[in-house]
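Protein sequences appear in the order of chains F and C. When you read off a place in the first sequence, starting at 1, and then add 56, the result is the number in this note's numbering. When you read off a place in the second sequence, starting at 1, and then add 56, the result is the number in this note's numbering.
Treat the hints with care, as some may be off.
Identical copies look the same in the list; a pair holds intra-copy or inter-copy alike.
[What the hints assert, rightly or not] Straight-line C-alpha distance at most 25 Å; calculated DSS-like pairs for lysine-lysine: (1) K78 <-> K297; (2) K95 <-> K252; (3) K330 <-> K206; (4) K269 <-> K297; (5) K78 <-> K199; (6) K95 <-> K116; (7) K95 <-> K269; (8) K95 <-> K330; (9) K206 <-> K297; (10) K116 <-> K252; (11) K297 <-> K199; (12) K206 <-> K252; (13) K116 <-> K330; (14) K252 <-> K330; (15) K297 <-> K95; (16) K199 <-> K330; (17) K275 <-> K116; (18) K199 <-> K269; (19) K275 <-> K297.
What the hints contain is simulated information worked out from the structure, not anything from laboratory work.
Protein chains: 2
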Amino acid sequence: MSIRIGIMGYGNLGRGIECAVKQNADMELAAVFTRRPPKTVSVLTEGVSVYHVDDVLSHKDEIDVLILCGGSATDLPRQTPAYARHFHVVDSFDTHARIPEHFAAVNAAATDSGHVALISCGWDPGMFSLNRLYAGAILPDGKDYTFWGKGVSQGHSDAIRRIDGVLDAKQYTIPREEALAAVRGGENPDLTTRQKHLRECFVVAAEDADTAKIEQEIKTMPNYFADYDTVVHFITMEELKRDHSGIPHGGFVIRSGKTGWNGEHTHLIEYSLKLDSNPEFTSSVLVAYARAVYRLGQEGAAGCKTVFDIAPAYLSPLSGDELRAHLL
Amino acid sequence: MSIRIGIMGYGNLGRGIECAVKQNADMELAAVFTRRPPKTVSVLTEGVSVYHVDDVLSHKDEIDVLILCGGSATDLPRQTPAYARHFHVVDSFDTHARIPEHFAAVNAAATDSGHVALISCGWDPGMFSLNRLYAGAILPDGKDYTFWGKGVSQGHSDAIRRIDGVLDAKQYTIPREEALAAVRGGENPDLTTRQKHLRECFVVAAEDADTAKIEQEIKTMPNYFADYDTVVHFITMEELKRDHSGIPHGGFVIRSGKTGWNGEHTHLIEYSLKLDSNPEFTSSVLVAYARAVYRLGQEGAAGCKTVFDIAPAYLSPLSGDELRAHLL
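Excised from the complex, chain F in its bound form:
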């Protein structure tokens, strides 16, 4: 019997979930839920119905795991605790600073109702977090570095679009090669924000806009750009659509640490991702963890979990025997 996946929210992430479910033979897409009029939403998977979010409870028995594809700012803080009362759920809540309070709210709901709720899944938080944990446990005398990119930051792109005279924009976060080299060289450098990442912006300005003023506004924008070296390119709408329509991302988690009686040996653990599509990769992680959540639910587990709490074997469709024989 397949694991029946429900998708809550059909944006980039929801579509990514649909594609990932198709790649996993032990899963099937059961239903898609949307806030839009369901008739206006068409999905790729044949035979799958789209329902309004308000009807989700009436489809409870058709869904093994509900994957929540809303945003971290307003959707998930409300949705995850609410749906964990009725479903095993997975979310990708990524506001790092608010994870503890999100965990507490979801844990109360999931424990109370006897469901498994996995929060903050994806690649950061998610796979990057796992690698920080593993590397830190192995090399306690060491230092962690996380670099993001090269990739599109939706938040920074949006911030540029809000500037007067800007028609559209795309912002890339780029790790600085010299910082990566220093870390990989085992130097354990102290790096400022500016030393770690560059920001490169491709901006389409209105015909009559003052581009010098826009560039200045971008470069001095607090929180988003002021602490970075920022490069601004003005391009045409045609160029933006042609060259910058993808949503690539990625990054590096590196730990450099010492071992030996007097710390005489240095080691470098590096995990890196190079992703053509940030939402599709994130979705692929969520779907693998949906398998784990389903299995934990079958075992009678309940409460809120993170990637830290889930034994790796739960993610794989292979049996313990197969894993030991082929992957160990």
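Take the given structure of chain F and dock chain C to it, following the hints.
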């Protein structure tokens, strides 16, 4: 209260365990066991006694986890099931093909006696295995590549030393840059053994030895060298000791895979290690997992485990709250 670690076997790995225990504030070294006359073995940690292996059972109550530092060929197949009858144990059994039978033997003993036994821990098997599992679960439509090196292969060095006229030797396994580049480029190449790794040998020959004959013998040695491009350098004993006394190693686990409704996006997951000391890094992994084994034992778990079966949080000295607040 500290986790009390016992070390069985005091070679390179055992000494690495001792150093790693020193780095972990929640652990202490309880005792070292050796097959040699205990008086001839001196350890680095003040106040720790060395006992003969035959006396290990009389120190049962002083040890929370016994880390087995013997070899995979003859020691561990016998030792791990035997000691799992009396201790929570961790081993680094690394004969990949024989893991299923080792698991079965250890599982029977550990289940029967109510102990937790973790086998095949280290970096390969171990951290590399974990990364193969995670990456494969996330990108089911993809391909795995494992490269080893640059690093010293003890087995290949030993094979050269057995050749007539060879006084000493060190062999480095080196991943080929062009193969790594093809994999990182998302080409999913089919690579032969020869295309993946080079073998570089540093050999000290006896004064009257026929070096051309030795070189020929190395390069044509079945299993060890015949399937590889091998480079042989003859050097002096002084040079060998000066330039090749370390035991560095490392490698890469790379998965390249596709997502999207028609597989239109490519992703690359790469995990790499660059290790100054292979035994000390392996020891550091074993010690982190000893913490997990101790905790599982405290929870009443029993049986044989691998790294696949252990939730990451068990490895860290941090609490769930701390992990979520700082590493997620």
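- Could you tell me which of the numbered hints above are not met by this structure, giving the numbers in increasing order? 1, 2, 7, 8, 10, 11, 13, 15, 17 and 18
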